[in-house]
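Peer 1: Below, each chain spelled out in residue letters.
4 protein chains.
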Amino acid sequence: MNSFGRLFRVSILGESHGTAIGVLIDGCPCGLPLKAEDFREDLARRRGGIQPGVTARQECDIPIFKSGLFKGKTSGAPLLIVFENADLDSSEYERLKDTPRPGHADYTARLKYGGFNDYRGGGHFSGRLTAGLVAAGVIAKKLMQPARVEAKLIQAGGSADIDSAVQKALQEGDSIGGLVECAAYNLPPGLGEPFFDSVESLLSHAAFSIPAIKGIEFGSGFNCTRMRGSEFNDAIIDPSGRTASNHSGGLNGGLTNGNPLVFRVAVRPTASIKKAQETVNLLSGEAVSITVQGRHDACLALRVSVVLEAVTAMVLTDLMLLEQKIPRVIR
Amino acid sequence: MNSFGRLFRVSILGESHGTAIGVLIDGCPCGLPLKAEDFREDLARRRGGIQPGVTARQECDIPIFKSGLFKGKTSGAPLLIVFENADLDSSEYERLKDTPRPGHADYTARLKYGGFNDYRGGGHFSGRLTAGLVAAGVIAKKLMQPARVEAKLIQAGGSADIDSAVQKALQEGDSIGGLVECAAYNLPPGLGEPFFDSVESLLSHAAFSIPAIKGIEFGSGFNCTRMRGSEFNDAIIDPSGRTASNHSGGLNGGLTNGNPLVFRVAVRPTASIKKAQETVNLLSGEAVSITVQGRHDACLALRVSVVLEAVTAMVLTDLMLLEQKIPRVIR
Amino acid sequence: MNSFGRLFRVSILGESHGTAIGVLIDGCPCGLPLKAEDFREDLARRRGGIQPGVTARQECDIPIFKSGLFKGKTSGAPLLIVFENADLDSSEYERLKDTPRPGHADYTARLKYGGFNDYRGGGHFSGRLTAGLVAAGVIAKKLMQPARVEAKLIQAGGSADIDSAVQKALQEGDSIGGLVECAAYNLPPGLGEPFFDSVESLLSHAAFSIPAIKGIEFGSGFNCTRMRGSEFNDAIIDPSGRTASNHSGGLNGGLTNGNPLVFRVAVRPTASIKKAQETVNLLSGEAVSITVQGRHDACLALRVSVVLEAVTAMVLTDLMLLEQKIPRVIR
Amino acid sequence: MNSFGRLFRVSILGESHGTAIGVLIDGCPCGLPLKAEDFREDLARRRGGIQPGVTARQECDIPIFKSGLFKGKTSGAPLLIVFENADLDSSEYERLKDTPRPGHADYTARLKYGGFNDYRGGGHFSGRLTAGLVAAGVIAKKLMQPARVEAKLIQAGGSADIDSAVQKALQEGDSIGGLVECAAYNLPPGLGEPFFDSVESLLSHAAFSIPAIKGIEFGSGFNCTRMRGSEFNDAIIDPSGRTASNHSGGLNGGLTNGNPLVFRVAVRPTASIKKAQETVNLLSGEAVSITVQGRHDACLALRVSVVLEAVTAMVLTDLMLLEQKIPRVIR
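Quick mapping for you: the protein sequence lines, in order, are chains A, B, C and D. For the first sequence, counting from 1, position 284 maps to 284 in the working numbering; every step adds exactly one. So the working numbering is basically just the index in the second sequence, starting at one, shifted up by 331. So the working numbering is basically just the index in the third sequence, starting at one, shifted up by 662. So the working numbering is basically just the index in the fourth sequence, starting at one, shifted up by 993.
Bear in mind the hints are in silico, worked out from the structure with no lab data behind them. Incorrect hints may have been included.
Stated by the list, open to error - With a cut-off of at most 20 Å between alpha-carbon atoms, the simulated SDA-like pairs for lysine to any residue come out as follows:
1. B:606 - A:38
2. C:987 - A:231
3. C:733 - B:566
4. A:142 - A:95
5. B:404 - B:661
6. D:1268 - C:897
7. A:274 - A:38
8. B:656 - D:999
9. A:142 - A:231
10. A:71 - A:33
11. A:97 - B:566
12. B:404 - B:445
13. D:1267 - D:1285
14. D:1268 - C:892
15. C:987 - A:142
16. D:1267 - C:889
17. C:733 - C:700
18. A:71 - D:1285
19. B:402 - C:757
20. D:1318 - B:489
21. B:605 - B:622
To be verified - Listing some non-contacts, in silico: residues in chain A with all C-beta distances to chain B over 12 Å:
22. 32
23. 47
24. 71
25. 73
26. 85
27. 87
28. 88
29. 95
30. 107
31. 114
32. 173
33. 191
34. 245
35. 294
36. 329
Claimed, not checked - Just the calculated beta-carbon pair ranges, DEER-fashion:
37. C:808 - D:1279: 27 to 35 Å
38. C:833 - D:1231: 27 to 35 Å
39. B:415 - C:829: 57 to 65 Å
We put the beta carbon where it would ideally sit given N, CA and C, even for glycine.
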């Protein structure tokens, strides 16, 4: 399914080198004011054109509202937001058609779809589609107020000096991974459901929909495997549920406990690099060394923060609707 | 929702100190032979009664088939499997009713359900309910053959010498966390869906439904944040998609690539310990120090492996049904 | 799927001659008082033991709460309600195993499930399972108050003199169909969703889950095909949306309009009759004439009203939860 | 939800006087050839411009494929098909904004969406959106081959002489209802699920998503209420399940039985008529008589057949995918 969410349901669509990409949102409360300007900042953060280390592709990041908006406010009908694609040169991808790029979905998509998939620029698997997620996130962030969500890159290539790490990778024609931390504040306690729809379950489900994420941890996360219970358990210090520490990341039994919700995701290095890579020609079976032309992100993680904020806001908005903490009509 | 899965749909029910716990499975292909004996080994692994470091609660782990089985085979109708609870002493939980135990769902469940939740032994949030997951896993493992899944504890308290680590925690009346690794073999390539239903999304969703899991990573996971693309990308070495390394954990673009699927989960230390812990009385607002009586798991992670196998098998069976790799009628 | 509902989700399970039948309800608001006594009247209406024309099978209609109830109130966890089956003689069904009874699911279930289905007494397709629907309905009716739903049989065998029509059919060893009318009052306006989740869509989906229903019509229903627009359109007579007539059955654009919601269902004659019927032996291919032993309902429609009320209440409760007209915690 | 279907999932979007209307299809098997020409005939049947008695609105019925199509075949990614709206004069709707038209969704939508809904031409509730359903139906009809579906108008205003009935209504500035019959042939037996996802449940759910439908009946339908069991039950005459009669409409126990699937829907008279109608001004509370300008359908039922075929094909395709009767990759 290319859809996610129970009450605030987001569907994603489009291909990297197709006509357009977009997002369809069903269940958005009505009465919420929306204008293109509201999307500018987050879309710019995702595009990341100014930073070194991110791809220079000139994308058309102007959200076009095709439905669901009336007199500048959400009407309660499904919201379709489309981003038209610029006309792109696909010759590189025609050339690489039968030699799947390591680290990409080229091989797996070809198998799954019997070769009928759009292989140009990753097709429907392209990171380009995260523009749609960001757009949905902008709306979700407005709905969940005064609760809010913030993500930032805290390490690149294992270093906190992110700029130099990225610069070095760029010079080498290589790429590096990164660590992104996300936190949500002012959440009502009791969001989430036991077992299958724990907040961890829903957030990780959403987070792994972002291409390139390979790990997620809540609160102390993997460190907790080395901790004792007496150390890990967060002492409750007042009847509002405030805890002295926050090793659990604001979650107990899969439900928000009123403390900040904190988690981190591991972003692998960008798959596309300038260096030659080994693969096979799927028709001839021969080993080949390929080099992918064009400019690439040296550190995809630079652009992940805003997408992670977006999917986090989507999940939390959905849960707040379920708990009737967001009304169906915004006035 | 207490349900998960699209075609092989598992619903969980019951409370720790209630009448019973159980699992309802809708969409199980018909014709699959099932008998109580098939469940014995996995249920014993979950109960873990023999190992040091796990709770001695005498649970009734005999699966009772209430529906969906006819002449020893699945009939195509919903399968209800129930585990009756033994009669338990709940006085301890009545005593602690207004002083939520740190690290447990006591506080969050009380808030979410306005105090109407069954607070005895964690109620519906209890790890006891994972017996139902294990039962569903036994069925899923049979369906997915010859594909198979295996999980094992590889570290406890940060050490590979698991026995001594657990022994030490036991002696101190404390608990420790652990690291569990899971792998699946012989999977058809192309399982999973782009974006929201990536294999990572679905597996993490399912894995975080297991209480006490605080992190998950696929392939190189968090290590990838320190790697370069030239190092991380797995070179493809033959047209069947075999790769020279497996940093991606058998997944590209969210789809299985035919190599082993590998991931790890972080299990936090058991919340219940013998040591005194700080909390508040929710009625009076006073700080109190509580000690939880009874025997407890020193290392919950010892019992997680089989539950993780179970939810992994559930997800993979669901995806194999979607791709028509498992028939609806087993002959 | 044997489940229905988005927020108040009902799953049905069991077989006619198996151990038990039952219903699992996920998403029921917590704090609702429930006791076995609350179910008695509706279960008795479904059983219909006193009326002439309904089967004398002595069913065990005592609801057993296996989970989700704590101190007499719903706890917010999934509610499992089970009805144990009495020990039944299945020899008749073994005898008829290969000669599918006309009008029953014998033939279709055998094909769908490759012969693995429980064929005794209709197995999972039996009307016996509607006891679970009635139980879910009892809960939904409580939740939706002060809105309420009422259904009654208005014709049997085409006659409003229902008693004599049933008596006559009984004497002839035959069965008759009937017409049941259902109405819901005090509904908030605006329930339902455009297009796929119109109130008509959801109610008909739920109503046709009741075995034996062959038609449904809202408001003037099939009569509207013979009406003019000037006659059919309901004039709006005050700002609260009250209309002079109710040809639309309380629905416009798939949404409730505040007037009574009215619809009717057509119930076909009971499939099991005393008269001989023509079928084939599926193994030999020979035409055979079968007679089904035992007592049967002469008019199934006598028992449908309460089941129709139940599924109607389920749907309306679900929509009222979606519109936040029913809280998640009942106090 | 503006979505329907489990494996072949259709989402509908747009407004009558907005930018566009459209349909998003998720789960369409890949490899299916599609071109605009394939849609022409069914879209023309829906528009019905040539027949007397249907509205003369010049709609732009050219399907624009925004995603999911690659080299003329479905790629396995979500298919977005958009129909741009022509620029329309909305002044009439501004004028009627506070005086809800009888028989329309004006009043109910206003209440549900707190006045934020697009009220121009019915907005998201407009019959215009059925163009999206028809497009989805064209695709579903291709996928389900050699099974096929056919619907036709069999009565208008209660008469089989449809042309004269429509002509008469037109002359009077009034409208009439109609009866549409739909049949599906060559269906594999065993489609459908017991109880909640019976074929009747799913088809009626889909059918009532078509605006103006007020009733549905399968096989003998409402006539069965006047029949005896000995008359209604269809004698099985050979081991392939063929029956001597087809009172059940090709369905037993909610599953297809291999005989033609037959049902009928009641279409109410078009709500928009030339005659004056009574309503109230919602702001002032005053009774007012309104006349709706423009040309209107005298008999909406003329256009319903093709939409009914479409939603029927959607449902059957979904069930055939579930039963693995349609592959995921079309070759």
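Peer 1: Next step is simple, just say for each hint if it's right about the structure.
Peer 2: Now the hints, each set against the structure:
Distance check on the hinted pair: residue 606 (chain B) and residue 38 (chain A) sit about 52 Å apart at the alpha-carbon level, beyond 20 Å; violated. Of the pairs offered as hints, the one joining residue 987 (chain C) and residue 231 (chain A) is violated, with about 44 Å between alpha carbons and a cut-off of 20 Å exceeded. Under the criterion of a C-alpha separation no larger than 20 Å, the hint pairing residue 733 (chain C) with residue 566 (chain B) is inconsistent with the structure, at around 61 Å. Between residue 142 (chain A) and residue 95 (chain A), the direct Cα distance comes to roughly 44 Å. Violation of the 20 Å bound is thereby established for this hinted pair.
A C-alpha spacing of about 10 Å is found between residue 404 (chain B) and residue 661 (chain B), which places the hinted pair at or below 20 Å, so the restraint holds. Of the pairs offered as hints, the one joining residue 1268 (chain D) and residue 897 (chain C) holds, with about 13 Å between alpha carbons and a cut-off of 20 Å not exceeded. Distance check on the hinted pair: residue 274 (chain A) and residue 38 (chain A) sit about 36 Å apart at the alpha-carbon level, beyond 20 Å; violated. Under the criterion of a C-alpha separation no larger than 20 Å, the hint pairing residue 656 (chain B) with residue 999 (chain D) is consistent with the structure, at around 18 Å.
About 37 Å separates the Cα atoms of residue 142 (chain A) and residue 231 (chain A), which puts this hinted pair outside 20 Å; it is violated. This hinted pair checks out: residue 71 (chain A) and residue 33 (chain A) have alpha carbons roughly 9 Å apart, not beyond 20 Å. Pair hint residue 97 (chain A) plus residue 566 (chain B) holds up; C-alpha atoms about 16 Å apart against a cutoff of 20 Å. A hinted pair counts as satisfied when its Cα atoms are at most 20 Å apart, and residue 404 (chain B) with residue 445 (chain B) does not qualify at roughly 43 Å.
Proposed proximity of residue 1267 (chain D) and residue 1285 (chain D) is supported: the alpha carbons are some 6 Å apart, at most 20 Å. Proposed proximity of residue 1268 (chain D) and residue 892 (chain C) is supported: the alpha carbons are some 7 Å apart, at most 20 Å. A threshold of 20 Å between alpha carbons decides the hint, and for residue 987 (chain C) with residue 142 (chain A) the separation of about 23 Å lies outside it, so the pair is violated. For the proposed pair residue 1267 (chain D) and residue 889 (chain C), the alpha carbon gap of about 16 Å is at most 20 Å, so the pair holds.
As the CA atoms of residue 733 (chain C) and residue 700 (chain C) are separated by approximately 15 Å, the hinted pair is consistent with the 20 Å bound. Taking the CA atoms of residue 71 (chain A) and residue 1285 (chain D), the gap is near 24 Å; set against the 20 Å cutoff, the hint is violated. A C-alpha spacing of about 16 Å is found between residue 402 (chain B) and residue 757 (chain C), which places the hinted pair at or below 20 Å, so the restraint holds. Using a Cα cut-off of 20 Å, the hinted pair residue 1318 (chain D) and residue 489 (chain B) is violated, with the two alpha carbons roughly 51 Å apart.
This hinted pair checks out: residue 605 (chain B) and residue 622 (chain B) have alpha carbons roughly 6 Å apart, not beyond 20 Å. Remark: the non-interface label on residue 32 (chain A) is consistent with the geometry, its nearest Cβ contact in chain B lying 23 Å away (cut-off 12 Å). For residue 47 (chain A), the condition that its CB be more than 12 Å from all CB atoms of chain B holds, with the nearest at approximately 19 Å. Every C-beta of chain B lies more than 12 Å from that of residue 71 (chain A), the closest at about 31 Å, which supports listing it as non-interface.
Listed as outside the interface, residue 73 (chain A) is consistent with that label: its C-beta sits roughly 27 Å from the nearest C-beta of chain B, beyond the 12 Å cut-off. Once the 12 Å rule is applied to beta carbons, residue 85 (chain A) is consistent with being away from chain B; the minimum gap is 17 Å. Remark: the non-interface label on residue 87 (chain A) is consistent with the geometry, its nearest Cβ contact in chain B lying 24 Å away (cut-off 12 Å). Separation of residue 88 (chain A) from chain B is adequate, the least Cβ-Cβ distance of about 20 Å exceeding the 12 Å criterion.
Every CB of chain B is more than 12 Å from the CB of residue 95 (chain A) (nearest about 17 Å), matching its label as outside the interface. Under the 12 Å C-beta cut-off, the non-interface status given to residue 107 (chain A) relative to chain B is violated; the minimum distance is some 5 Å. A beta-carbon of chain B comes within 12 Å of the beta-carbon of residue 114 (chain A); the shortest separation is about 9 Å. The beta carbon of residue 173 (chain A) sits about 9 Å from the closest Cβ of chain B, which is not more than 12 Å, so the claim that it is off the interface is violated.
Interface exclusion of residue 191 (chain A) from chain B breaks down, the closest Cβ pair being 8 Å apart, not more than 12 Å. Chain B draws residue 245 (chain A) into its interface by the beta-carbon criterion, the shortest separation being 10 Å against a cut-off of 12 Å. Every CB of chain B is more than 12 Å from the CB of residue 294 (chain A) (nearest about 14 Å), matching its label as outside the interface. A cut-off of 12 Å between C-beta atoms confirms that residue 329 (chain A) is not in contact with chain B; the least separation is 24 Å.
Between residue 808 (chain C) and residue 1279 (chain D) the CB atoms are about 30 Å apart, so this pair conforms to the stated range of 27 to 35 Å. The hinted window of 27 to 35 Å between residue 833 (chain C) and residue 1231 (chain D) holds, with their beta carbons roughly 34 Å apart. The hint said 57 to 65 Å for the Cβ distance between residue 415 (chain B) and residue 829 (chain C), and at roughly 47 Å that hint is violated.
Checked against the numbered hints given earlier, the structure breaks hints 1, 2, 3, 4, 7, 9, 12, 15, 18, 20, 30, 31, 32, 33, 34 and 39 and satisfies all the rest.
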